[in-house]
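Residue-level listing of the chains:
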Amino acid sequence: MTAPTPLPRRRLRTALCAALLVLPLAACGGGDGDGGSDGANGQAGAEVTVLAAASLTDVLEEAAPLFEQAHDGVDLRFSFAGSQELAAQVREGLPADVLVTADTTTMADVADRTGEPVVVATNELTLVTASGNPEGVADLADLARDDLTVVLAAPEVPVGRYGEQVLADAGVEVAPASLETNVRSVLTKVALGEADAGIVYASDAASVGDRVTAVPLPAERNVLAEYPAAVLTEAPHPEAAADFVAWLGSAEAAELFTAAGFRVP
Amino acid sequence: MARGTPPVLLVPAAAAVLLLAVPLAGIVTRAPWGDLGERLASPRVSQALGLSLLVSGWALVLSLLLGIPLAWVLARGSLRGKALLRSLVLLPMVLPPTVAGVALLQGFGRAGLVGEELRMLGITLPFTTAGAVVAATFISMPFLVITLEGALTGLDIRYEEAAATMGAGTLQTLRYVTLPMVLPSLLAGAALTWARALGEFGATLTFAGNLPGVTQTLPLQVYLLMQEDPEGATAVSLLLLAVAGAVLFGLRGRWLGAFARRG
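These protein sequence lines map, in sequence, to chains H and G.
In this text, residue positions in the first sequence follow UniProt numbering: the first is 1, and each later residue adds one.
In this text, residue positions in the second sequence follow UniProt numbering: the first is 1, and each later residue adds one.
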């Protein structure tokens, strides 16, 4: 028996590199196979990507298990951000199934990339202050006070636009300390005590409980924010996406929206 | 051995180059060249540019004032727990900048760890230009410290010993012998620090907020522009890309040199 010729070192190293390179590919192949067998259990194993306005974060995360339970094999994945940012992502062709924005204007901007939008919830604006309202903020006019640090949302996002409108209608001029890029950052800055007051959606104020105090705006000074949902025309899972949009308009979803401080149309 | 790169390495290496180059090429080719000058000269952009230069300039000054002594202590000081201290310095380089922003808020915010003390001194950082400077310094100073520490460690100690035998004190030696000898590394570190400060986004947005003329630096403006005017965002991105490219061209590999000497 002859001893095997030892591989030159360099070739051994090359072989190792090649093996390391191919390994993950093999693993990927296995994964695909698993996906296929999932699909064989009746319903397609669809991962439905939902782009949703930041103000919907809590309510949709709560809704997801209910919907998934009723729709076997459908997995919801959320990406929450300011509506404008989501619309920009849709325009750039980010693969997703459903878009839910916090205003009809933003949805209309991407009308060529969505199906017919349906308004699934509405929301109002409210003032928020640190817990217990230590600065005694009573109404919109107080936001003009020099001694208050006020944060608003940037006019690029819907809540910022609504806020601008409400302030303009009330004839109040505010010098904000910051124009935050989404409604959640406004809420966080107030909840952390970094800002004294801000304007957010009623549902956002409700979501953090005692960490902030909401000072409601009188109805005649308020605006009604509408949340339209639509299936994207390029949706990888159009059927499951349509199911989800339809479900958002159901009585079951309406209950969740109402409990979270939204209203339903 | 040095010649003849194995093909099995060439392919991933080429993929790596594409990964880095294609997005940059995207900015260059998609930039609105036609009205680039007009866009960059708009009041909104010039305001953000002015603020960016102010904030990154102050961040560099602070980094030099605080970072040079810290680098010296790390390289020459004989204190315990130096490894731990070095990790602390390195941390902002590997930390997600938004996490740095959260940390800054919890530390220096109005309601932060030392917020009350800062307020008594009359200092408010969140939502102020000073806050943007602190955020940029937090993120960028490590680049200066690490570059300079590498150079100081690699320096031949005999020059400083010679100065000492001739009666120079520690500070005199530092001023007239050590610093001139590490000047190239100091400049390289300073350029990187400034470039990183200029590009700071996450910590600034989280800690200092976003207000035109006060805290809205160029990177924040790019982010907001991307939501309503992608061409405008691309134009400003091109400006930042050109600045970053100019800094690297000016350095010509000194950053790598500084690291190689450490090894």
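Worth flagging that the hints you see were computed from the coordinates, not collected in a lab.
Everything numeric in this text was worked out from a predicted model, so none of it was measured.
Note that the Cβ used here is the ideal one computed from N, Cα and C, for glycine as well.
A hint or two may mislead.
Footprint (simulated), chain H over chain G, 3 or more residues, beta carbon under 8 Å [said to hold, decoys possible]:
#1 74 to 81
#2 109 to 115
With the Cβ distance kept under 8 Å, some of the chain G side facing chain H (calculated, not the full set) [what the hints assert, rightly or not]:
#3 Asp35
#4 Ile123
#5 Phe127
#6 Thr129
#7 Leu205
#8 Gly213
#9 Pro230
- Hinted contact Gly213 of chain G with chain H - closest CB pair below 8 Å: This hint is violated: Gly213 of chain G lies away from chain H, its Cβ roughly 11 Å from the closest one there, beyond 8 Å.
- Task: Go through the hint on Thr129 of chain G and say holds or violated, using the shortest Cβ distance to chain H against 8 Å.
- Result: Violated: closest Cβ of chain H sits about 12 Å from Thr129 of chain G, beyond 8 Å.
- Check whether three or more residues of the stretch 74 to 81 of chain G sit with their beta carbon closer than 8 Å to a beta carbon of chain H. Contact hint for the stretch 74 to 81 of chain G vs chain H: violated, 0 residues under 8 Å.
- Query: Is the shortest C-beta separation between Asp35 of chain G and chain H less than 8 Å?
  - Reply: Because about 21 Å separates Asp35 of chain G from the closest Cβ in chain H, which is outside the 8 Å limit, the hint is violated.
- Status of the hint placing Phe127 of chain G at chain H (closest C-beta pair under 8 Å): With Cβ-Cβ at 4 Å, under 8 Å, it holds.
- Message: Holds or violated: the hint that Pro230 of chain G contacts chain H, with Cβ atoms closer than 8 Å.
- Response: holds, 7 Å
- Query: How about the stretch 109 to 115 of chain G: do at least three of its residues have a C-beta closer than 8 Å to a C-beta of chain H?
  - Reply: holds (count 3)
- Hey, does the Ile123 of chain G contact hint survive, CB to chain H under 8 Å? violated, 14 Å
- Regarding the hint that Leu205 of chain G lies at the interface with chain H, is the smallest CB-CB distance below 8 Å? Holds: closest Cβ of chain H sits about 7 Å from Leu205 of chain G, inside 8 Å.
Of the numbered hints given earlier, the model fails hints 1, 3, 4, 6, 8; all others are met.
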